[in-house]
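Protein chains in written order, with my numbering: chain A, 1 to 244; chain B, 1 to 243.
Do not take every clue at face value.
Sample of chain B residues facing chain A (criterion: CB under 8 angstroms; computed from the structure) [unchecked claim]: (1) Ser12; (2) Ala99; (3) Leu182; (4) Val203.
Hints were generated in silico from the structure; no laboratory data involved. Since we're looking at a predicted model, the values are computed, not measured. Cβ coordinates follow ideal geometry from the N, Cα and C atoms, glycine included.
Each chain, letter by letter, is given below.
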Amino acid sequence: MGSLAHVLAPLAQIDDSFFKDRSESDCISDNGTFCASWAVDNIDRYIGPALEHIVLVAVSVVAGFAIALALAVLSHRRRWLMPPLTAATGILYTIPSIAFFFLLLPITGRGNLTAVIALTAYTLQILYRNIIAGLANVPAETKDAGRGMGMSDRQLMWRVEIPLAMPEIIAGLRIATVSTVAIATLAVFAGGDGLGSELVGSNITFKTGVIIAGGMAIIIAITFDLLLVLAQRLLAPWRKVRPV
Amino acid sequence: MTDLPLADIFSSFGDAFDFITSPQPSGFADREVGGPSEVLAKLGAHLKVSGAAFLVAIVLALPLGAWLGHRGRGEGVAIAIGNAGRAIPELVLIAVTVAFIGLSFFNVVMALAIMGIPPILTNAFVGIRQVDRNAVEAGKGMGMTEGEILRKVELPLAVPTIMGGVRTAAINIIATATIATLAGETTLGDFIINRNVFGDSGVLAGAILVALLAITVEGVLAGIQYLLTPRGLSMQRAAASSA
Numbered sequence: 001m002g003s004l005a006h007v008l009a010p011l012a013q014i015d016d017s018f019f020k021d022r023s024e025s026d027c028i029s030d031n032g033t034f035c036a037s038w039a040v041d042n043i044d045r046y047i048g049p050a051l052e053h054i055v056l057v058a059v060s061v062v063a064g065f066a067i068a069l070a071l072a073v074l075s076h077r078r079r080w081l082m083p084p085l086t087a088a089t090g091i092l093y094t095i096p097s098i099a100f101f102f103l104l105l106p107i108t109g110r111g112n113l114t115a116v117i118a119l120t121a122y123t124l125q126i127l128y129r130n131i132i133a134g135l136a137n138v139p140a141e142t143k144d145a146g147r148g149m150g151m152s153d154r155q156l157m158w159r160v161e162i163p164l165a166m167p168e169i170i171a172g173l174r175i176a177t178v179s180t181v182a183i184a185t186l187a188v189f190a191g192g193d194g195l196g197s198e199l200v201g202s203n204i205t206f207k208t209g210v211i212i213a214g215g216m217a218i219i220i221a222i223t224f225d226l227l228l229v230l231a232q233r234l235l236a237p238w239r240k241v242r243p244v
Numbered sequence: 001m002t003d004l005p006l007a008d009i010f011s012s013f014g015d016a017f018d019f020i021t022s023p024q025p026s027g028f029a030d031r032e033v034g035g036p037s038e039v040l041a042k043l044g045a046h047l048k049v050s051g052a053a054f055l056v057a058i059v060l061a062l063p064l065g066a067w068l069g070h071r072g073r074g075e076g077v078a079i080a081i082g083n084a085g086r087a088i089p090e091l092v093l094i095a096v097t098v099a100f101i102g103l104s105f106f107n108v109v110m111a112l113a114i115m116g117i118p119p120i121l122t123n124a125f126v127g128i129r130q131v132d133r134n135a136v137e138a139g140k141g142m143g144m145t146e147g148e149i150l151r152k153v154e155l156p157l158a159v160p161t162i163m164g165g166v167r168t169a170a171i172n173i174i175a176t177a178t179i180a181t182l183a184g185e186t187t188l189g190d191f192i193i194n195r196n197v198f199g200d201s202g203v204l205a206g207a208i209l210v211a212l213l214a215i216t217v218e219g220v221l222a223g224i225q226y227l228l229t230p231r232g233l234s235m236q237r238a239a240a241s242s243a
């Protein structure tokens, strides 16, 4: 027994120093490309910001969709509204989101409300344009058939035109949602929540943290996109899903 | 919302305007911040880094997208790059530059160019692909070479779509140049991000300047698009939209 321990002792020592060189703390102090053990131990700190990010995006896109749909339905009936609304939503889209956040600060203060308003405004151009395009593509014969069945304007809109415009509407939602996931990382500058908080300050130089937070933002975008593709299959099964 | 402090809001914007027009005392004893010279210096830095990135993006993406569109190849790649571009958060791009690639003017230009390449590439591809095949056949019938068809038929007819991509790219780059301050470039974003130095009026002034810059560039590019669009095409479009 004694001799065996004697033989094993140097081995154990080598093993020990081997692990020390690559220990978790060294990886962090050297700022290694990806410190897996740190990531495993600290993943919880990213869960909260990721959930906040999802809420920020969902609230903004739903609000943007409600506004864009109302504007589109309104200007579908009153054609003269279309050019000014297209211009207005276009200007909102042109203002860089980070500037938008800070232009709102004197009015709404720091926080999530400011972030949601800016993100919502940002979705309007894409959603409005796509809803209008979808409604314009509804074949005239289909609308005539609806009228022939005695539908009112309102019934025609909700039972014929909007369902047939669904592929374009969902294509717009996909673009708006994916863009909003990306832009929502900037909400941190307006005092909002989300994954951006893990990417600013001293965090910006920490490679492992940048990979985790950035990776999570991209995974959230892809997940939202896949859910919307699924939604289109359910809502517009007659049309093949096209890449947008 | 019933008691919007309108007076406060107006005075905030007034302070921001003062910050742009004349130097203001800062929290740091003997240093003044703002004023035309500092604003122009940061505007210059913003234009320099964005302009360089814009040129890189156009030079890399426009010929490639146009050529792929002309040959009708690589549709999957061209569309996928456009989609991937939208999913990349600008803050993550800057963070990756800071954490992995290192700070230099060249690196920041390349990072910003990445924000501009996807819309230009995808729109150039789609714009050229959508050109009426009959127009291309007519060009062939007139004895045009492949290069002539691309330059004299396809590119002019694709101007509205291509310029749409170019405009989106310019806006993306200007927006991302704002946070390039985090990567060491003292653009207009410096006013916004370093609030402890420039104060609330500096932050608001920075936001106003960035917004005005984006709207101005968008307007200039819209003017260029108008000049580049063939007369026949704009008349045809006007007729189609009024019908």
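How the hints compare with the structure:
{"no.": "1", "hint": "Ser12", "verdict": "holds, 4 angstroms"}
{"no.": "2", "hint": "Ala99", "verdict": "holds, 5 angstroms"}
{"no.": "3", "hint": "Leu182", "verdict": "holds, 6 angstroms"}
{"no.": "4", "hint": "Val203", "verdict": "holds, 5 angstroms"}
Hint check: no violations occur; every hint is consistent with the structure.
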